[in-house]
Structure formats: C-alpha cells, structure tokens
Amino acid sequence: MISKINLGNFFEDFKIGQKIIHPLPRTISDGDVSLYIAFTGSRFALHSSDVVAHQMGYEKRPIDDILMFHLTFGKSVQDISLNAIANLGYAEISFPNPVYVGDTVSMISEVIGLKENSNGKSGVVYVHSIGVNQNNQEVLNFKRWVMVHKKDLLILSGINEVPTFQNSTVIEENINIPTIKSVDTNLSGGKYFFEDYVKGERLNHPEGITIDNSDHTLATKLYQNNAKVHFNDHMMKATPMKERLIYGGIIISMARTLSFNGLANAQWVYAINSGSHCNPTYAGDTIYAYSEVLETINHKREDIGLLRLRTIALKNQTADEVENCKGEDGKYLPNVVLDLDYTVVVPKKITTSCN
Amino acid sequence: MISKINLGNFFEDFKIGQKIIHPLPRTISDGDVSLYIAFTGSRFALHSSDVVAHQMGYEKRPIDDILMFHLTFGKSVQDISLNAIANLGYAEISFPNPVYVGDTVSMISEVIGLKENSNGKSGVVYVHSIGVNQNNQEVLNFKRWVMVHKKDLLILSGINEVPTFQNSTVIEENINIPTIKSVDTNLSGGKYFFEDYVKGERLNHPEGITIDNSDHTLATKLYQNNAKVHFNDHMMKATPMKERLIYGGIIISMARTLSFNGLANAQWVYAINSGSHCNPTYAGDTIYAYSEVLETINHKREDIGLLRLRTIALKNQTADEVENCKGEDGKYLPNVVLDLDYTVVVPKKITTSCN
Amino acid sequence: MISKINLGNFFEDFKIGQKIIHPLPRTISDGDVSLYIAFTGSRFALHSSDVVAHQMGYEKRPIDDILMFHLTFGKSVQDISLNAIANLGYAEISFPNPVYVGDTVSMISEVIGLKENSNGKSGVVYVHSIGVNQNNQEVLNFKRWVMVHKKDLLILSGINEVPTFQNSTVIEENINIPTIKSVDTNLSGGKYFFEDYVKGERLNHPEGITIDNSDHTLATKLYQNNAKVHFNDHMMKATPMKERLIYGGIIISMARTLSFNGLANAQWVYAINSGSHCNPTYAGDTIYAYSEVLETINHKREDIGLLRLRTIALKNQTADEVENCKGEDGKYLPNVVLDLDYTVVVPKKITTSCN
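Chains as they are written, first to last, in this note's numbering: chain L, 762 to 1116; chain R, 762 to 1116; chain G, 762 to 1116.
Hint data in this document are derived by calculation from the structure and do not stem from the laboratory.
Fair warning: there could be bad hints in the mix.
Same chains, same names: a pair is fine if it fits in one copy or spans any two.
[Unchecked claim] Derived pair list, reagent style EDC-like, types lysine to aspartate or glutamate, alpha-carbon separation capped at 20 Å:
| # | residue 1 | residue 2 |
| --- | --- | --- |
| 1 | K1003 | D1090 |
| 2 | K876 | E1004 |
| 3 | K1109 | D1081 |
| 4 | K776 | E922 |
| 5 | K765 | E962 |
| 6 | K989 | E1082 |
| 7 | K1087 | D811 |
| 8 | K989 | E1053 |
| 9 | K1087 | E820 |
| 10 | K1092 | E956 |
| 11 | K989 | E934 |
| 12 | K765 | E899 |
| 13 | K942 | D957 |
| 14 | K882 | E922 |
| 15 | K821 | E871 |
| 16 | K989 | D957 |
| 17 | K989 | E962 |
Please read these numbers as outputs of a predicted model, since none were measured by experiment.
Next comes chain L alone, as it looks inside the complex (with noise of 0.2 Å):
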C-alpha cells in the first residue's frame, strides 16, 4: 500500500512550469487580526481602527499586508519549503488588492527555475507565487527561491536554469489605494509626510520587543506554516541549533511594527524588493530595527508618495549601536537577523487638510 503520509517533495520532484495549487484557503477573521496585534503590538492606525479607515476612504480596516502575506506564504510551505534547507530569498513581492476580515485567500505557485548542485545532493527551486481572494482577485504577487534536498543522490540532472529578477518590485501606475482626502496626525500618531522624507536618512526606532517560544510558535501555527524547525523543539535538540528556530516571517512582522516609531503613516507596504534572513533568531532575543530610506519616489497620484526603505533588524542590540550592518568584510554581523528592501506608500502634506 502506498504511504498516505505526505513527506512534502524533493528537487526531482519540482519540473520547469509545473503548476502547483496550495491547499487550504484561508478564511480571515478578526480573531487573526487581534492575534496579530497581540505579537506583534503593531500600532499602524489603519489596520487596528475603523475610524481611522473612514477616513482614508476605506469601508473598513483592511488587513495588515505582512499578517495577510503570513496567513497566505503558509500554505506554501508544505509543498515548496517542507524539505528546504534554507529559505535563501524572496523578490519582486507585491501586495496589488486589500484584504479584509471575511476574504478567503488561497495560493498558486509555478516553477520558474531549477538549479542542481554541485554536491549532487540538493538543488535550488525558483517559484512564482501568486495569492488570490474568494474573487480571484489578486492580493499577494512573488517570487521565492529556497534550497531543497534531493531524494537520490546518484541520479544527476545538470540542470540549471535560473530566473533573472528585478531589482524592485515595479510600481504600478495605478496603486489600488483610495484618494487620501485627510490624514488626521492626531489619529494616526505620525506627524511627517512623504515630503519630510529625505533620501539617505536613517531612523533609528528606539523600542526592542523579546520573542518567546509560546509566542513565536502561537504565530506561526496561526499562519499554518507548518516547517518543523519552529515547533519541534525534541527534533531541534538533536540539531546544531538545539533548540527552535523563530520563523523569519516573524522577525518581518516584528521589524516593520518597531518601525511605527518614525514611520506612522507609513500604513501601507507597496511591494518587499527583496528580504535576507541574514541570522537565526531564538526565543528570549530581543529585537531592535532602524531604516534608511534608499529613494523617495514621486508618483502621478498627488496625494500619495512611496518610500524605499532599508530596515536593517538586530538582536540584542539597539540601532544607536550599530552604525553598519556589514563588516569590514562584507559580511553582516552576527546581531543582524534582517535586510529588508521594501516600499511603503506614505500621503503627502497636501491632503492633511483636517489638521
């Protein structure tokens, strides 16, 4: 009889267009918005306030972009990264449509790219995901690249077949945002606009916020990601790590909700350019960010602006002490767990009339 136990696929098993439809669509509900909250502590007005929605010409408060990419990446998990070795990148993610309490988000992934190893005993797959509502409407758009183990070591492919990425996400010229009529500082705690924002300028986000196990594995179940390495902890005893690793997604989550602290109408995350996982997270590390803004970018929209942000996430360590994230040679330091490359939508002074 054949197994019935799904041990998630090899490299053999991954083919160049394979289409792979992720199971179980979600359903989104507020029990996950307010689990979220209480991981994370995110304060972004948009996405804890109706009120605040109003406002922005929302009919309610939409899901917060980085909860929505977890509860949809999670699907992606078991078929995709179930046997990774590491999850070695992401590019071009982009965020096209608003979620909502009610939606149901699902996933559909291609393989655009297969490269075998070297050693013969793993290779790299290169997918493009993308995540639709109950309406097929697109809402999670990217690309992914993880190393997974083979199942036969002899039999050797030779097969190499990379994609080429973007060095952003491209910025469309319809950004699915209603007109920003007024932004009330006085509701959503920020008081700078896209046109304070200056190319080069670092932001240093003061608070830390400690990760423990119950927390981080609450999390991670919630998103149904279900990689081993984050809940087991009697199999990461007998690993180098010894014990459970902290899902990458989270110290995501934890770096953008510290970057509130400086960035408060930054409420909306246009698209991730790319994203490194530069070292491991443990329970009871403490996380601290700061953020460069790499380009300031105008769009024909007036009452918006986007920033390209750099936020570099540390553990154990506050930003005011760190000045670069990389050594001397070119290697980040062992405190930096995050490089994110991302692009937020910011209103501009012009729509502030209320206040």
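The hints should help you fit chains R and G onto chain L, whose structure is shown.
Chains R and G in isolation, oriented as in the chain L frame:
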C-alpha cells in the same frame, strides 16, 4: 454567615438521578476559532475556509468538533471535577449537530452512577452530559467518570451503582452532514478517500509539536476550564508533579491536528468511543502521534463512510520509534500519553467529481 | 533635520490645561474578547454569553469593563507615561456606557496638575482622561498621576499645582445598565445577590493563576501599551529588576477574574475608586486574591445595589495565609501586589423571579 466561596462538589454531594445545570453558557466567536488554530496549527480545511465549507454544502465553516468539545466540557469542571483525583474515562461521545460562530453552547449533566471506594476516602462519579446550542439542539453528548474526594471519610455509604457503557458510540442512520457533492483535493490537502483506507492500516504522522506553559494555559483558560492543576504553578510545586499538568484535552487536540497528515479528508469527528490519558504531559514535551484504522464502516449514505481509528499520542518520541503502545506487561509505555478510540467521517471517491 | 523618532513627553513638556488627543483609536473585536478570556480565564457570564446578556436586557454581550479599560488606557502610554518612573495612582475611574464588539474607542487627556520633585530630576504629572466611543459617548473617565523624568535637570520650575481627588468615584443617579428583570443563577454561576453581602465580610478567593512571559507580553501588546519595561528583556536585564515587569493592569484583570468565585453576580465594575500596585510581579508569579466588602450601597433603582470592595492581590501566597495586607509598620507586605478599591453592581434578589 455561610461562605460564598464555591469549593466544588465532593462525592457525598452527588445523588443518582441528580441533574446539574452547568452555568456559564458560552458564545463561540471568531476569536475562539483563530486561537484554536494558533494553539494547534490545525489545518483541516473545513474549519478554516468558508470557500471549502461552501463546497461541502455548509453556509459557512463549522466549528472544529474538538474545539467545541473543550468549550462545552469546560463548563462542567466546576461542578463535576473540581475535586477530582483523576479523570478516569470517557465513553459514547457524539457530536450530533454542527456549531457555528455566534452559537451559544451550554451543558447539563445527570449523575448515572456512584461507587464508593473501599478506602472510604473517595468515590467514582459517573455522569451523562448533554451540550446544547441556543436553540436547544444537541451538539454534544457523552459519559464520563471521575474519581472525587469525599468530604467525610468516616461516613460510609457503601453505594456501588456502576452503569455499563457501550463499546462504541452508536452510529445513527442519519448523519447530520450535508450531502457531499464534491471534494476538491487541491483545497482539502488530502488525496485519500474512504475506499483508500483498510482495516489494520497504520499511519505514522511525521510532525511533532512542542507545548509550552503559556500556550497550554492560554488554551485551558479560553475553555474556561478552571481545574487548578493546569494553572497554578505555586500550588503544583508543593505536589509530587512539581509543575503544572497539561489539560488532557490539549493532547486530544494535538493528536487530532497531527493526524491531518494522512487523514486530511477526515474532516469530521463523528464520535469518540473511549479515551485514556495514559501518562501526564508537562510544558516542554513534544507530542507525536500515530493512527491505526480499527474498522472501516459503511453507511447507507453513498457519499461518505466512517473510519474507526485509534490514535496514540506520544511524548518526546516519534511514531516510527514505537511499535506497540503497551509493554509486555500490558501497561502503557511511559512515553504514551493518549489512547483515543474515535470515529471519523471520510467522503467516498464517487463524490469527487471535480478533481 | 529634526528627528522623526517620538521619545515621549518629559516633565517640561506638560502644561496645566494642556489637552492631549491620544492617537490610535481602536476598534474592539471578537478576537480581543477571546484573547481576554484566554489571558485571564474570566468566567463572568455577561461578557461570555449572548444568551445571558439577552436575559439581562442587552442586545449582545458587552465588553468586560477591565478589558475596555486596557484597550483605551493603552493609547495614553505613548503620550503620558512613556518616560514614567512610576505610575503613582488612579482615582475616580468610571465606566459610564457599555462598549460592544465593533465599537471604536479613543481617548483625550487634560493635564490637571504638575508638581516638580525637590530633587529637580523629575516631577509628577496629573491627568484627567476621557475615553469615548465612535459616537463620542463617554465610556471611560479617570484621573491618574505618574512620576516622569525631566529633560533638563538644571532648570527648576518650582511648579506645585496638585489637584484634589474624591475619596471615591461619584455614583450617579442614573446607572446605564438595563433594568434587570431576572438573573438565572444556573447560568451566572452565582447564588448570591446584593442583600447577601454585608459590610466587613471577607471572601478568600481560592484559585491561583500563574503568569508566564508569553501571556503577559501578548496581553500588553494587544492593548497597544508600549511601555518598554513590559516587552524588552534585553533592556531590563541591565536594570536592578533583571527581567520584564508585568503590566499592573494585568494584575487588576487577574484579581477581578479570581473574584468570580464569591462574586459571580457582580458582573459590572461600576467604578474604581483608587488603586495601588504595591509590589512588582514577574513571569512565574502565581496570583491569588481576597476581597473585603467595604460598603453596601443602596441605589434608587430597585433591581440593583452596589458593593464597594477592596480586593487585595497576592503573589505566591494564598488568601488564607494573609490576614492583613500591611505589616505593623503600615507598609504593604512583600507579597501584596495590588490594593484595589472599586465598586461593583450586583442585582437584588427581588429580580430573580425565574430561579
């Protein structure tokens, strides 16, 4: 003045035929559902996706049977088992009707048996409990027996009225599940149907989940189960256990969650025939599980069949490592923490027209 | 360039009469309610059951007063107490109108007193804070005072304007609670009514609840209370405390939850007259509580009366073990962590026609 403090019932407080209305009806919300996913990582599609629920003939996703059990069962702890020495057993648990977000569940119990222990210090109380929703429809029905302290050790009653239990919950002619017109295996995450399972088959579920103090106490508090052993570390430090004991229901939830890998289309728990918490679990334990198909049960309905399963939960040992859950002496091995005999509903292949 | 980082207000930043609109209005959801039950294990029926809420004249279950307090109060931390050395006291807290799921709460504070400390390093700021819902109805009203750092130690203002507080919150002629037609004690879990309580009576609540790091930080993050001492273990390790301090509001919630056993029908907190966090609590502490009836207060309404209570919360010591919360020197004993003087509403017996 009479003390207003409720110290729970002792053996002498129970009478055969006595009916106990358990206070604190509970309205089930989206928050409870999200928290259950966060506690367990459960991935059964019917309970996490409205889209899947619609396809299966439901208006919206019903509450996971085991979550409903905890929320309803929790009500009875104050009256039945606050002074319990041990939860001895369960029998004939059934889930006659689905429960949805917004429903309010409550429970009533009847004392159906009493047996004083020969040591005069305690006795066994047998109750039949019925949970209903706000429209008085039965949503849970079960029998359980607990060993309870006596108040007065000197007064011997000699009572010995032990009810008999059926070996398994009766399977009704009418099963309150919509006619399954199609199961999209791309959504449910499972390729196997009723006809694929054979008696005697064993499924070694590969995942393991570690439980920490915060998450098991959050869950048990959510269920408003106020048995002190689960929450009060100060009290437990003075006992031979030295620490908080994890509520046995949490192990049932974990075993069910782990069984997803191999039983993804077994979306309904029809009944729990019997259950035994073989050994205690504590924070830091990692739970694994394997399942044996005890029986494949045909039903007059053409769209579904039932599987009688035995799921064994283990602590800190993988399913592959355990051939038999009992030693040569017939006793459970020390790492076996749950022996659950239950019946699930699985769609038949004939219904899967769409895939 | 002016720093965009908000480091909170210092003593010199406050002026008598200054009004501060606290940003981040919060829409309260079912997720918040479930999380509150998970954090506390609270069993007050009015807040967990729509059926009970209907019986008591509500359309649906109102939000627990203490949860609402945390969600509203959390808004003011950024502006008032981010640089607090100590939260010195509360007075005249009232809950004028019920709050429901879907409501959005926000808060405004007025500075009503300022007193520079003689050491020149800090001062006490007194504020009067008013929380409203989305219809601008008052839902919370209180005064508090905090000791705050000065920015400039050399410039002495000599300001010394200290407001006076009433010994207890005024009890209004109109209490915004529906006329209680019946209390079904089988549902509420409590047999005792207003007439059953007498001045001087003491209730030793028997349960104890242990708090862990994940659950107290999840709660405080849910409340969007960003006081660093609660989240940042890395920072706290460098202080004499050596670890994260539990937010005092969590102890208020625990004390209230524990008081259920003895005060199950006291479903409404009408007011908090004063409160003192006598000693700090840390992860691993087990909270116990006892309550004293300070006063039984008749009201013109025939269906309800009020009890003025003093609930003392203890850490790692049962209520039975503590006769007096203060030593012979008049100081709080080291295990006393909360001294709360508050007023609850309890239905009168006359209304319990149905049971």
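Hint check results:
1. For a Cα distance limit of 20 Å, the shortest separation of K1003 from D1090 qualifies neither inside one copy, at 28 Å, nor across copies, at 35 Å.
2. Within a single copy, K876 and E1004 get their C-alpha atoms no closer than 30 Å, and across copies no closer than 47 Å, so neither meets the 20 Å cut-off.
3. For a Cα distance limit of 20 Å, the shortest separation of K1109 from D1081 qualifies neither inside one copy, at 29 Å, nor across copies, at 60 Å.
4. In this homomeric assembly, K776 and E922 come within 20 Å of each other (Cα to Cα) only inside a single copy, at 11 Å, whereas the closest approach across copies is 67 Å.
5. Within a single copy, K765 and E962 get their C-alpha atoms only as close as 55 Å, which misses the 20 Å cut-off; across copies the closest is 10 Å, which meets it.
6. Proximity of K989 to E1082 under the C-alpha cut-off of 20 Å is restricted to the inter-copy arrangement: shortest distance 18 Å between copies versus 34 Å within a copy.
7. For the homomeric pair K1087 and D811, neither the shortest alpha-carbon distance inside one copy (41 Å) nor that between copies (46 Å) is at most 20 Å.
8. Taking CA atoms no more than 20 Å apart as the test, K989 paired with E1053 passes in neither setting, with 34 Å inside one copy and 23 Å between copies.
9. In this assembly of identical chains, the alpha carbons of K1087 and E820 never lie at most 20 Å apart, being 44 Å within a copy and 54 Å across copies at closest.
10. In this assembly of identical chains, K1092 and E956 lie within 20 Å of each other by CA distance neither inside one copy nor across copies; the values are 34 Å within and 56 Å between.
11. In the homo-oligomer, the alpha carbons of K989 and E934 never lie at most 20 Å apart, since the shortest distance is 41 Å inside one protomer and 41 Å across protomers.
12. With identical chains, the CA atoms of K765 and E899 are never at most 20 Å apart, being 32 Å at best within one copy and 34 Å at best between copies.
13. Taking identical chains as interchangeable, the C-alpha atoms of K942 and D957 lie at most 20 Å apart only when both belong to the same chain, with a minimum of 18 Å there against 58 Å between chains.
14. Taking the shortest Cα distances, K882 and E922 sit within 20 Å of each other inside one copy (17 Å), while across copies they are farther apart (66 Å).
15. For the homomeric pair K821 and E871, neither the shortest alpha-carbon distance inside one copy (33 Å) nor that between copies (30 Å) is at most 20 Å.
16. Taking the shortest alpha-carbon separations for K989 and D957, neither the intra-copy value of 44 Å nor the inter-copy value of 27 Å comes in at or below 20 Å.
17. For the homomeric pair K989 and E962, neither the shortest alpha-carbon distance inside one copy (39 Å) nor that between copies (25 Å) is at most 20 Å.
Hint check: violations occur at hints 1, 2, 3, 7, 8, 9, 10, 11, 12, 15, 16, 17; the rest are consistent with the structure.
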